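Those protein sequence lines, which keep their order, are chains X and S. Going by our numbering, the first residue of the first sequence is number 1, and it counts up by one from there. Going by our numbering, the first residue of the second sequence is number 1, and it counts up by one from there.
No wet-lab data here; the hints were simulated from the structure. Check before you lean on any hint, since a few could be wrong.
[To be verified] List of simulated lysine-lysine pairs, DSBU-like, C-alpha gap at most 35 Å:
#  : chain 1 : residue 1 : chain 2 : residue 2
1  : X       : K433      : S       : K240
2  : X       : K66       : S       : K42
3  : X       : K746      : S       : K228
4  : X       : K349      : X       : K382
5  : X       : K72       : S       : K38
6  : X       : K236      : X       : K81
7  : X       : K281      : S       : K228
8  : X       : K66       : S       : K38
9  : X       : K126      : X       : K183
10 : S       : K40       : X       : K140
11 : S       : K152      : X       : K140
12 : X       : K72       : S       : K42
13 : S       : K42       : X       : K58
Quick caveat, the model's predicted, so the values are computed rather than measured.
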Amino acid sequence: MATTVEAPGTSPIGRSTPRVDGPLKVSGAAKYASDFHFPGMLYAVPVGATIANGRVVKIDAAAAEKMPGVRKIFHRENIGKISRSVLGPGFEGICDERRPPFEDDVVRYYGQYIALAVADTFESAKAAADAVRVSYDKEKPNVSTDLKADDEPQVVVTTFGPANRVRSERGDAAGAFASAPVKLDQTYVTPAETHNPIELHATTAIWDGSTLTLYESSQGVFNLQGVLAQMFGLPKENVRVITKFLGSGFGGKLWPWTHCPLAAAAARQLGKPVKLVVSRKMMFQTVGHRPRTQQRVRLGAAADGKLISLQQDYVNDKAILDHYHEDCGEATAFQYSVPNLRVAFGRAKRNIGSPTAMRGPGAVPGLYATESALNELADQLKIDPVQIRVLNEPKIDESLGIPFSSRHLLECFSVGAEKFGWSKRTAEVGSMKRDGLTLGWGMAGCTWVAARFPAAASVQLRDDGTARVACGTQDIGTGTYTVLAQLTAQRAGVPLDKIEVVLGDTSLPAGPISGGSMVTGSVIPAVFAAADNAIASLLNIAVTTPGSAFEKRKPDELAFEGGRVFAKVDGVAKGVPFADLLGRANLRLVTGGGEGAATFGNPKPKFSTQSFGCHFVEVTWQAEIARLRVSRVVTVIDAGRILNPLAGRNQVEGAVVMGIGMALFEHTTYDPQNGAPINSNLADYVMAVNADVPPIEVHFLDYPDKEINELGARGIGEIGLAGIAAAITAAVHHATGVRVRELPVKIEDLI
Amino acid sequence: MQVHRPYTLHDALALMAATPTPTPIAGGTDLLVSWHHKPKEKLALLDLSQLGGELAAMRLTADTLELGALTTYWDVIASPEVSRAFPLLAEAARQVGAMQIQTRGTWAGNIGNGSPAADGVPVLMAYDATVVLQSTRGRREVQLDGYYTGYKKTVRLPDELIVAIQIPRRTRKAEWFEKVGARAAQTITKVGVAVVNDEKGWRVVANSVAPYVCRCRNLESALQKGQKFKSPEEIRDILKNDIAPINDMRSTAAYRETVLSRVLFYRLADKA
Chain X
1 MATTVEAPGT
11 SPIGRSTPRV
21 DGPLKVSGAA
31 KYASDFHFPG
41 MLYAVPVGAT
51 IANGRVVKID
61 AAAAEKMPGV
71 RKIFHRENIG
81 KISRSVLGPG
91 FEGICDERRP
101 PFEDDVVRYY
111 GQYIALAVAD
121 TFESAKAAAD
131 AVRVSYDKEK
141 PNVSTDLKAD
151 DEPQVVVTTF
161 GPANRVRSER
171 GDAAGAFASA
181 PVKLDQTYVT
191 PAETHNPIEL
201 HATTAIWDGS
211 TLTLYESSQG
221 VFNLQGVLAQ
231 MFGLPKENVR
241 VITKFLGSGF
251 GGKLWPWTHC
261 PLAAAAARQL
271 GKPVKLVVSR
281 KMMFQTVGHR
291 PRTQQRVRLG
301 AAADGKLISL
311 QQDYVNDKAI
321 LDHYHEDCGE
331 ATAFQYSVPN
341 LRVAFGRAKR
351 NIGSPTAMRG
361 PGAVPGLYAT
371 ESALNELADQ
381 LKIDPVQIRV
391 LNEPKIDESL
401 GIPFSSRHLL
411 ECFSVGAEKF
421 GWSKRTAEVG
431 SMKRDGLTLG
441 WGMAGCTWVA
451 ARFPAAASVQ
461 LRDDGTARVA
471 CGTQDIGTGT
481 YTVLAQLTAQ
491 RAGVPLDKIE
501 VVLGDTSLPA
511 GPISGGSMVT
521 GSVIPAVFAA
531 ADNAIASLLN
541 IAVTTPGSAF
551 EKRKPDELAF
561 EGGRVFAKVD
571 GVAKGVPFAD
581 LLGRANLRLV
591 TGGGEGAATF
601 GNPKPKFSTQ
611 SFGCHFVEVT
621 WQAEIARLRV
631 SRVVTVIDAG
641 RILNPLAGRN
651 QVEGAVVMGI
661 GMALFEHTTY
671 DPQNGAPINS
681 NLADYVMAVN
691 ADVPPIEVHF
701 LDYPDKEINE
711 LGARGIGEIG
721 LAGIAAAITA
731 AVHHATGVRV
741 RELPVKIEDL
751 I
Chain S
1 MQVHRPYTLH
11 DALALMAATP
21 TPTPIAGGTD
31 LLVSWHHKPK
41 EKLALLDLSQ
51 LGGELAAMRL
61 TADTLELGAL
71 TTYWDVIASP
81 EVSRAFPLLA
91 EAARQVGAMQ
101 IQTRGTWAGN
111 IGNGSPAADG
121 VPVLMAYDAT
131 VVLQSTRGRR
141 EVQLDGYYTG
151 YKKTVRLPDE
161 LIVAIQIPRR
171 TRKAEWFEKV
181 GARAAQTITK
191 VGVAVVNDEK
201 GWRVVANSVA
211 PYVCRCRNLE
221 SALQKGQKFK
231 SPEEIRDILK
241 NDIAPINDMR
251 STAAYRETVL
261 SRVLFYRLAD
271 KA
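Pulled out of the complex, with its shape left as it was, chain X reads as follows:
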């Protein structure tokens, strides 16, 4: 493993750093979107359709309007104009559900908002929403789980623009498969999953003349600003979006949903701030989910396990009007070496709310399928699953024909195998026992894209010796506040506790979406440039301020380190703290701005930039009473330099826990009669609880990837969820002999 460059103690980078916002959170002082209160504020509760397909015939709001405290029942006739938005050039104007709320009287999914009750209190609004009577022309919804691709052209519309349905192709995949000595042809299914962050989606909308302020639980304040500006016909600068803290989002809060313009439209008409908090039940209906996927994987191999052909044909379901594509082929084309490959997709329209990105979109369900197929091929050939991966390790990214910037997947396997004790594994099903339990051992590899979004930041150095760093990105709970403080501390030499970090506001320099595990990598160049510019400004002041110790010097004779300005010839020991310099110059502060360019979407990259890793999993199985538990996980991650191992480990552990949920518990089920998500609450939507979480060992390889940024840090928020389900199902097979190809594993299927 690589060693860290700085020795511990001298740099905040690479040091385990507790959350700087921790005290605010544990004391309840951190304000989430629904924690903001304003004088005269009203409360809105949407009315959701109780059919999934059909037409609203009549909305009878007479009784609801007469209820005490009720201000208005909004519906299609009286909501006022809410326009559509379009995808912009670059990475903006993104929205998974493009139709504005109440645009027509057609209902296309269960829970679609058809009216909105606004009242003086939440209780009155809820009672009024419940009292609205709606009649429908009802048709049978299509929520079928059998996914056959719709008839679509070769190039289709997706959330992010047009895409070729052949995702990647090289060689002659079908021909090579036909003549391959060893074949595997299996279909893998992942169910709809619902994000379920504990913080519900929420909007508080406030109008002041023609400016709109939104307190929103958003993973992308700038994108939301652009979309809402379009929907209300405003200049972008007239919309301000504020997201100070997020009780996570897992991708569900990346793009705007219909509750947000509804709250804004109600506030516009009533002339008062309006707060709308989406209920837990609505979280299953109107704010996205990971779609169901059905993936056929065909592998052709030589007798020794070397891959000859790989075909992945997958289908995801999507909403009637929208265009979500679950990019299951994202990692397929480069993860292993194979000369003949074809990855293609289709989609199937259903009467469901639009799917959206959920932690590790595409690669997470995709790698479940391809890694599972590889595990099955290894078993078929009686080759160790680690060995088959080593055998198929590529020298370059074969999909792009360029080298990887930094790939240490083989080392991940060897470290993981050693830490786990993999060499003691006996391959035969049910052959391993401990304390009367049958053990199952399984493993899988994982990968996740690494890139930078454009980012801007500003850094101020202040005359009280403190610094302020600002960036309009968000902290979804992953530690963004902390990492910005670390970066600023590193560059400006100010201790962590003297740094104010300001995030989550479109009035700040434009920051990236909290998505794609890319915030940390993206903000590094921006924050460093901003700090450097603030320091440059300070050095100018040092040579121009009368009475300054450096008055007779030129800026290039000076340097800055540890918060002190010094003449290079004299050394830092004779330096002057920046606060003293600012005081002498009668300046309150100096500011520097900085930007980092995007690498995401670069059409001609020189290197393929990805993170890598693997999971080794043990399950225990008691056939007698059909009890299955994940009992041990070792995860090794190669995500470049880890800036904050404490937060980083926490991200990977959290992802593994979510992976246990994905493998064993989580699925959103739609009622075939009325199209409603049936298990739309936290009792019936089963996810892993603490008692299901085994000891999780996380190891980071810590090789800096300088292609990404000068610190070499890639992202770590999502990669831990990739591959884990395939490792668990492999372990389940090893213990029970049952091959589960449709998630989640149900213990009913194991006996």
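On the provided structure of chain X, position chain S as indicated by the hints.
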């Protein structure tokens, strides 16, 4: 919606005799499960929370444990004496939801709600508990085994309130409880079973395998006769006449039957 909040048992019983009859609530945990879907217009509730003096006490004597109707799961968990005297009560209580539910939910409410998946009822029935019902007309005691007559149907008359649960103290030769759910905690039972063998004989009580929590009498008689089982299938054949599991959102009939038989077979082999 009407909520009555009596301060004495006397007033509570008078309200139970009124029309329409209110639904008594204690912790309210079952009420909340369907709160958002429930029409509230005609809802009438009798909030028992102020009757702590009369209904909250746990009394452990030489021959009986009496749980007042407001006794929560947590009261049992937190009492070393009661946990020692009736270990299965504490064991089952710890598996009911999370601590928030355990501190509000009551044993009497678990009986009254009548869910076939109730986690508190199997251990009470296995300990041969009696339900004490009271109304303005008087007081009567009903065996918990026999309390249920169908899915969410009981022998309680509309004006009667569960005021206490009584459990006899006996010498036990075997007692155990097993709950099987999807995850390791906070799980809704797919299948569960409580088994007690005391001076009055075997009682095997299963949940989630019939319209109500029930004793498996055919299996009990086989155990009573000293029958030894060679396989889970042998138990399953006997259970076929005791249980009537169904397929639903949480599990399948086949799974419930198979796992109940297996749990019984392996645990009886262990501890019988």
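Hint-by-hint comparison with the structure:
1. Between K433/X and K240/S the CA atoms are separated by roughly 33 Å; this keeps the pair inside 35 Å, and the hint holds.
2. Our distance criterion of 35 Å between C-alpha atoms is met by K66/X and K42/S, whose separation comes to about 20 Å.
3. For the given pair, K746/X sits about 32 Å from K228/S by alpha-carbon distance, which is consistent with the 35 Å threshold.
4. Distance hint between K349/X and K382/X is unfulfilled; the C-alpha atoms sit about 40 Å from each other, more than 35 Å.
5. Between K72/X and K38/S, the direct Cα distance comes to roughly 24 Å. Compliance with the 35 Å bound is thereby established for this hinted pair.
6. Between K236/X and K81/X, the direct Cα distance comes to roughly 18 Å. Compliance with the 35 Å bound is thereby established for this hinted pair.
7. Using a Cα cut-off of 35 Å, the hinted pair K281/X and K228/S is violated, with the two alpha carbons roughly 50 Å apart.
8. Our distance criterion of 35 Å between C-alpha atoms is met by K66/X and K38/S, whose separation comes to about 22 Å.
9. Straight-line distance between C-alpha atoms of K126/X and K183/X comes to about 58 Å, which puts the hinted pair past the 35 Å bound.
10. At roughly 29 Å between alpha-carbon atoms, K40/S and K140/X fall within 35 Å of each other, so this suggested pair holds.
11. Annotation: proposed proximity of K152/S to K140/X holds, straight-line Cα distance about 32 Å (limit 35 Å).
12. With a CA separation close to 26 Å, the supplied pair K72/X and K42/S stays within the 35 Å bound.
13. Distance hint between K42/S and K58/X is fulfilled; the C-alpha atoms sit about 26 Å from each other, no more than 35 Å.
Checked against the numbered hints given earlier, this structure breaks hints 4, 7 and 9; the rest are met.
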